[in-house]
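*Asks:* One letter stands for each residue in the lines below.
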Amino acid sequence: MSQALADRTARTGVPDDDIAVSGRDISVFYGEKQALFDVDIDIPRQQVTSLIGPSGCGKSTFLRCINRMNDTIPGCRVTGELFLDGEDINSPRIDVVQLRARVGMVFQKPNPFPKSIYDNVAYGPRIHGLVKNRGEADEIVERSLEKAGLLKEVKDRLQEPGTGLSGGQQQRLCIARALAVGPEVLLMDEPCSALDPIATARIEELIEELKANYTIIIVTHSMQQAARVSQKTAFFHLGQLVEAGLTERIFTSPEDERTQGYITGRFG
Amino acid sequence: MNEKGHIVKSFDTDLTEISNLVMRMGGLAEAQLAMAIDSLVKRDSELAQQTVQGDGKVDELEREIDNMAVRMLALRQPMAADLRVVIAALKISTMLERIADYAANVAKRVIAINKLPPIRPSHAVPRMAQQVQAMIKDVLDAYQNNDSDLAMQVWRRDAEVDESYNSLFRELLTYMMEDPRNIGGCAHLLFMAKNIERVGDLTTNVAEIIHYQVHGHEPEKARPKGDETSFATVTIDDKAEGSE
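Each protein sequence line maps, in turn, to chains A and B.
For the first sequence, full-length UniProt numbering begins at 1 and goes up steadily by one.
For the second sequence, full-length UniProt numbering begins at 1 and goes up steadily by one.
I should point out that these hints are in silico values taken from the structure, not numbers from a laboratory.
Quick caveat, the model's predicted, so the values are computed rather than measured.
Where hints are given, some of them may not hold.
[Unchecked claim] Okay, derived cross-link-like pairs now, DSBU-like style, lysine-lysine, Cα gap no bigger than 35 Å in a straight line: (1) B:K221 / B:K4; (2) A:K33 / B:K4; (3) A:K109 / A:K132; (4) B:K108 / B:K91; (5) B:K91 / B:K194; (6) B:K9 / A:K109.
I would like the entire structure built from these sequences, with the hints used as guidance.
*Replies:* Pasting the structure below:
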């Protein structure tokens with residue numbers, strides 16, 4: 001690990017302290033079909049990075065590499081190196097269950113468990129053995145719901161089913177569930193695409209707050225959302241990382257013709 | 001900008017329209033300045049009066065461009081090069097409005113100066129104006145063709161205008177000292193020259209914005225500046241030397 005890390009630092013010259021996730025030559029194959037081509041990317045710590053690009057460009061595929069969700073897809077093969085805090089996540093010494101606690105994920109459609117609000121949040125800490133008794137569990141549930149900005153709305157009905165909440169609340173419940181196991185990185189795959197504008201604004205506000213403590217990577221189809229919430233933006237097209245850089249620069253003067261075309265609405 | 005059209009075609013129509021409005025406003029401001037200078041050369045107070053009245057049309061176009069830009073920002077959320085086109089139109093229209101204001105001010109002074117007997121240095125002002133008018137013409141061409149090279153060429157030429165202004169400034173001071181009866185007319189000419197010099201400055205600002213519209217950033221080097229009149233003084237000794 002340390003050798004790979006040293007190599008990477010030598011290659012990039014980026015101080016590791018500022019980089020949470022770093023990919024080198026990442027390619028992904030679904031059977032014969034290559035979905036991602038030699039992606040090199042550095043994701044800064046405690047910032048929001050958005051991945052944009054037309055459907056099928058590989059951004060979700062890349063996102064799934066970071067917590068090894070691609071492992072669950074039959075016939076899927078990932079090559080290249082992906083580091084989380086300088087540690088190669090594809091190394092055999094990595095425990096995938098632990099990895100997924102460190103790298104939480106929120107999906108497009110809110111997917112609470114068919115359990116109570118309380119159990120939705122307490123489930124992760126319980127199976128990871130993070131809580132020993134009811135008191136600790138109460139505390140972690142409360143803290144996670146608070147961080148996800150949901151506590152005020154649900155504190156009197158923690159035993160009601162999570163599926164009874166509104167779409168936006170369900171999504172924040174899923175975020176609380178991800179936060180409960182103390183992740184470092186939060187992956188969000190179009191977290192607002194099923195929500196109305198008010199619920200979307202709440203999630204965006206939440207993302208803004210969470211970035212003080214978490215590294216957030218968000219896939220979004222809304223260019224305005226990427227511009228609003230992220231500090232860094234990466235544009236994918238046909239499985240390639242075309243351009244990555246400060247969000248402000250990408251949206252005012254992108255370097256690549258394809259980025260320009262996509263964000264100004266000329267193709268995609 | 002980008003050769004390919006937008007998926008939403010009416011967006012292209014809007015972008016073309018806002019550029020056309022800026023071009024029209026530029027043409028109008030250019031004509032206003034030409035009329036003002038013409039009225040000075042011909043001592044034509046009626047033409048000067050027309051120029052003063054014509055300023056309203058330029059203001060109207062500026063409002064139209066403002067409204068269009070706000071509408072596009074609100075409804076289209078332009079990005080990257082498109083965003084720069086809208087921002088550039090907003091800023092350039094402000095500058096063109098100022099240019100037309102200066103032209104109207106020159107025209108007002110023509111009306112005042114025509115009530116006085118003709119004075120010699122009034123020929124130097126149109127000569128200086130010619131330089132500035134050529135700059136405006138080129139900068140508008142640069143805008144129309146997205147030609148940042150031409151814009152930068154205009155940008156550098158402002159130093160020549162500043163030089164002309166410096167020499168005109170000295171010339172006028174000398175006339176004023178020679179005969180106090182010249183002071184009224186010369187003071188007006190001096191303000192006209194200053195107005196025209198300011199038009200030159202604004203034209204370089206337009207050139208900078210064209211550079212921004214094309215490249216996404218302003219030109220890196222500081223603009224060459226030649227207006228030293230802020231520090232200039234003329235003493236009686238200078239006058240004695242000048243009149244010898």
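*Asks:* Now tell me if each hint is right for this structure.
*Replies:* The hints, checked one at a time:
1. B:K221 / B:K4: 32 Å, holds
2. A:K33 / B:K4: 30 Å, holds
3. A:K109 / A:K132: 32 Å, holds
4. B:K108 / B:K91: Holds. K108 of chain B to K91 of chain B sits at ~26 Å (cutoff 35 Å).
5. B:K91 / B:K194: Within the cut-off at roughly 22 Å; holds.
6. B:K9 / A:K109: 32 Å, holds
Of the numbered hints listed earlier, not one is contradicted by the structure.
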